[in-house]
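Engineer: Spelled out, the chains give:
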Amino acid sequence: MEVSLQQLVDRLQECGMPTVIEGDPATRIEAVNTLADATPKELGFLTNPRYEKRLGTTRAGAVILGYDVEAPRPMTLLRTAQPYCAIREAIVMIHGFRRHPEWGIHLDAVIHPGAKIGERANIGPYVTVEEGVAIGDDVVLYPGCSIGQASRLGDKVTLHPNVVIYAETTLGSNVEIHAGTVIGEDGLGYAPHGEKWAKFPHVGRVIIEDDVEIGANCTIDRAMVGATVIGKGGKFSNLIAIGHGAKIGENAMFVAQVGLAGSVTVGRNVKMGGQAGVIGHVTIGDDANIGAKAGVAHDVDPKEYVLGQPAIKASDAKRVISITQKLPDLKQRVKALEAELAEIRDSVAPSAAD
Amino acid sequence: MEVSLQQLVDRLQECGMPTVIEGDPATRIEAVNTLADATPKELGFLTNPRYEKRLGTTRAGAVILGYDVEAPRPMTLLRTAQPYCAIREAIVMIHGFRRHPEWGIHLDAVIHPGAKIGERANIGPYVTVEEGVAIGDDVVLYPGCSIGQASRLGDKVTLHPNVVIYAETTLGSNVEIHAGTVIGEDGLGYAPHGEKWAKFPHVGRVIIEDDVEIGANCTIDRAMVGATVIGKGGKFSNLIAIGHGAKIGENAMFVAQVGLAGSVTVGRNVKMGGQAGVIGHVTIGDDANIGAKAGVAHDVDPKEYVLGQPAIKASDAKRVISITQKLPDLKQRVKALEAELAEIRDSVAPSAAD
Amino acid sequence: MEVSLQQLVDRLQECGMPTVIEGDPATRIEAVNTLADATPKELGFLTNPRYEKRLGTTRAGAVILGYDVEAPRPMTLLRTAQPYCAIREAIVMIHGFRRHPEWGIHLDAVIHPGAKIGERANIGPYVTVEEGVAIGDDVVLYPGCSIGQASRLGDKVTLHPNVVIYAETTLGSNVEIHAGTVIGEDGLGYAPHGEKWAKFPHVGRVIIEDDVEIGANCTIDRAMVGATVIGKGGKFSNLIAIGHGAKIGENAMFVAQVGLAGSVTVGRNVKMGGQAGVIGHVTIGDDANIGAKAGVAHDVDPKEYVLGQPAIKASDAKRVISITQKLPDLKQRVKALEAELAEIRDSVAPSAAD
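Protein chains in written order, with my numbering: chain A, 1 to 354; chain B, 1 to 354; chain C, 1 to 354.
These are computed hints drawn from the structure, not numbers from a lab. Be careful, since some hints might not be right.
Cβ-Cβ distance ranges computed for the label pairs, FRET-style [unchecked claim]:
(1) B:R345 / C:G66: 55 to 61 angstroms
(2) B:R345 / A:Y67: 56 to 62 angstroms
(3) A:K303 / B:R99: 42 to 48 angstroms
(4) B:K313 / A:K335: 24 to 30 angstroms
(5) C:T39 / B:G16: 44 to 50 angstroms
(6) B:A81 / C:A342: 51 to 57 angstroms
(7) B:P49 / C:T57: 46 to 52 angstroms
(8) A:K303 / B:D299: 39 to 45 angstroms
(9) B:D299 / C:K313: 23 to 29 angstroms
(10) B:R99 / A:A81: 55 to 61 angstroms
(11) C:G104 / B:K313: 55 to 61 angstroms
By construction, the Cβ of each residue, glycine as well, lies at the ideal position given by its N, Cα and C atoms.
Let the hints inform the model, and build the full structure from the sequences given.
Structural biologist: The structure is reproduced here in structure tokens:
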């Protein structure tokens, strides 16, 4: 949708983000783009100081930014206190959210006659819905999804293509899962039996609470007994592995390729960086922040920020890393000390022995 | 299935796990659950000392545990030498293994007329079976699986939804593969051709031996020539990448997100922790244990336990990590030595120069 | 195809790889295999000195190798300057590339009437092609693939089973994508909204240029705005995560489980080792080489080879690692210095105090 800067600023005002126009409020914008690629009909944004230099070269018709940045030349600007939130609102206003294909309930979907499907279902081809499934209203199931027996999907669930929901899984309302993600497979649970492994039946399940979004090709194990729980409002990127029986609190934010072993407990508002891993049975407190590639082997206190492998307090880890990278220097200093001491010993020892 | 403690103990006795009841043998149990979540009709278990405190608060009707743990209050207990194996047996007895939907051979599956399908096949909708495939008896293929030309599946193979088996793959008997896993894609094999890359046709294949279980969204490359082999009885978690031409011995146990580069040779009974990686052409001996997040860049001896990046003997790695984390202290000590030596030099040098 | 050594050598000659036969040029070869597994009708190869010992035991009817290796016994050899390129050519000549099943446009595929499909399309069962899609000539879509609205696929694109292409994605010509890979899912983009997260609509897209090959179960985020770009000729292994808005130059070579966060810029001819990761907004120069498991937290200069977490110049990293692994020794030396200094202090101090 094309908008004028004035319309956009009015909208931001409504959302509690007062914004000042420097330039012509009638300027029309038809899309949002990066500073590098934006055209004169597009709105750019500066939310990361790394890209400040691009203000000098962008062709964007207008740029959203904070109050603290000086423009290198005359240009049309929208200044606001939270440019990151403002640009999101601009994208929502101008572009809106994804429009799904409209399949109704496609004839090439196999839905068990005993399954319950809510109002306005939008179910694509080659979807399978097994016995005992209950699906809420306004659900979108893209092609190739598979919903196992007795699973429950809340209202406004969106499953992108080829998502697999194993039997007895519960998805809350407003859950969105990207393509290829698998929810509810068995965990790695075996008892040793001589040199062989005897499988634990996995009779637990997965509960995903409301407002969760999960990226593509993730895997969330069902619990061996009880439940693996993904708390309300959590946001997960791609290729994430969550082990059996893990419990993740509300509003989690996990970057791609994170791995949680079994029975990990994660508090509320926890962030995990890319490729971070957590061993089994660990507890991570509320508001903790786990750095990228961290290897968490011990409990993490609430609000703690940890880094490294094994992960320790970030402030300690940064000092350790800094010294480690200068180890050749430290070694040299030890060598110099040894040499000097040997010299002193040679010169002093005799006099001391006098 | 609801059972009495007496029935359960009789079963454990039959399996070679003598168990003593402390409490009423007639107590009835209808499910197994964690100590945290079990109800009075459920059986809890204590196999990890980390959870011992929960004995004080659990509502479980009975608890399986070892002989060495003291109960904090009167409660119904089943004591046995191997509580982990016993609780597995209890789950098998009370809950049993997964019950699959029954599709027969679903009409919405495309099976090449030249493919051979064994007895009692249970093939879901939207499965594709290509030319020359041979499938054993009692096979379960969940919806959306794709079996490439001339592949062979043994008896009692279970493929969960959307598993992809490339052409010419061999799966032994009693193989179970979780949703979204891909077996037999080409490996990363290219010859440099100027700045470009010239692809190696991958004319080898994958052989998965009997009794292997593989988690969800894994990828197992076909060999460039010859075969990638997953040995009998191996158990693999999710999001694991096995490179072209790797040979993995029997009874492997790999945690999620492990990666093996091409042509790695792994012995029998090898365990790999989560997110561990192995570079190409390395050999790992029988009974070796690779720690979580380890980066294996050299051969590993049989029975060796390695840790770290690059991975070294775990005992060495632990010492190195412990000293590394105290590097700020070591640096301080070097600084103190330098200061003291400077002082000594100042005071001693003149007297030495006398 | 069975060939004589003479025929093979003629072909290598044509390709600019002059090759000398030591033995009978009439020897016939019907397949290529590893030294360990080759039979007398098969051609082996030695391209990695690690396997030189196998020359002594191989049953291969002939072996391709360089000029520098001495054979341990009389055997039929093909000597050439680039044995790695030569064996590739031999595999192409003797085995050729994959032969796809021939589906035409399978009746069990759902293709929107408004989609354009080129000549000689080979589309398997259970493929979904949405509205506005345009597909070139000679395209192969294996079963279960899903092509979102308004996506564009060039000529000679091959998508293996269950590949998911989200809406508005562009694939160039001669692109091959292995099973289960997902292209165009939303990235992890949220603005904080109190303790909750407000989703950024992802209105950008993915552009994959010509001659790219992507492994199985990868995930490539669409850009939030603008485009995620995978440059021409890039080769990617499995389980790789590419974040929203990343731009990857030509001829990339990424090993399995690599992860790039959002807005990373990668130059031309960049190699990344297995499980390496890059944080957001970093720039990696042309011809750079990122080691396995490296954690890239800063820009990398062109031609630089970096290692470690955080990644630093490989030469520095190797020195640091070597010293780190000997830290127990360094600590011991500091302890010895301290002891000696204490001794000196005791003996010298009094004389200095005289």
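Engineer: Now tell me, hint by hint, if it's right for this structure.
Structural biologist: Hints and how they fare:
| no. | hint | verdict |
| --- | --- | --- |
| 1 | B:R345 / C:G66: 55 to 61 angstroms | holds, 59 angstroms |
| 2 | B:R345 / A:Y67: 56 to 62 angstroms | holds, 57 angstroms |
| 3 | A:K303 / B:R99: 42 to 48 angstroms | holds, 45 angstroms |
| 4 | B:K313 / A:K335: 24 to 30 angstroms | holds, 26 angstroms |
| 5 | C:T39 / B:G16: 44 to 50 angstroms | holds, 46 angstroms |
| 6 | B:A81 / C:A342: 51 to 57 angstroms | holds, 54 angstroms |
| 7 | B:P49 / C:T57: 46 to 52 angstroms | holds, 51 angstroms |
| 8 | A:K303 / B:D299: 39 to 45 angstroms | holds, 43 angstroms |
| 9 | B:D299 / C:K313: 23 to 29 angstroms | holds, 27 angstroms |
| 10 | B:R99 / A:A81: 55 to 61 angstroms | holds, 57 angstroms |
| 11 | C:G104 / B:K313: 55 to 61 angstroms | holds, 59 angstroms |
Checked against the numbered hints given earlier, this structure breaks none of them.
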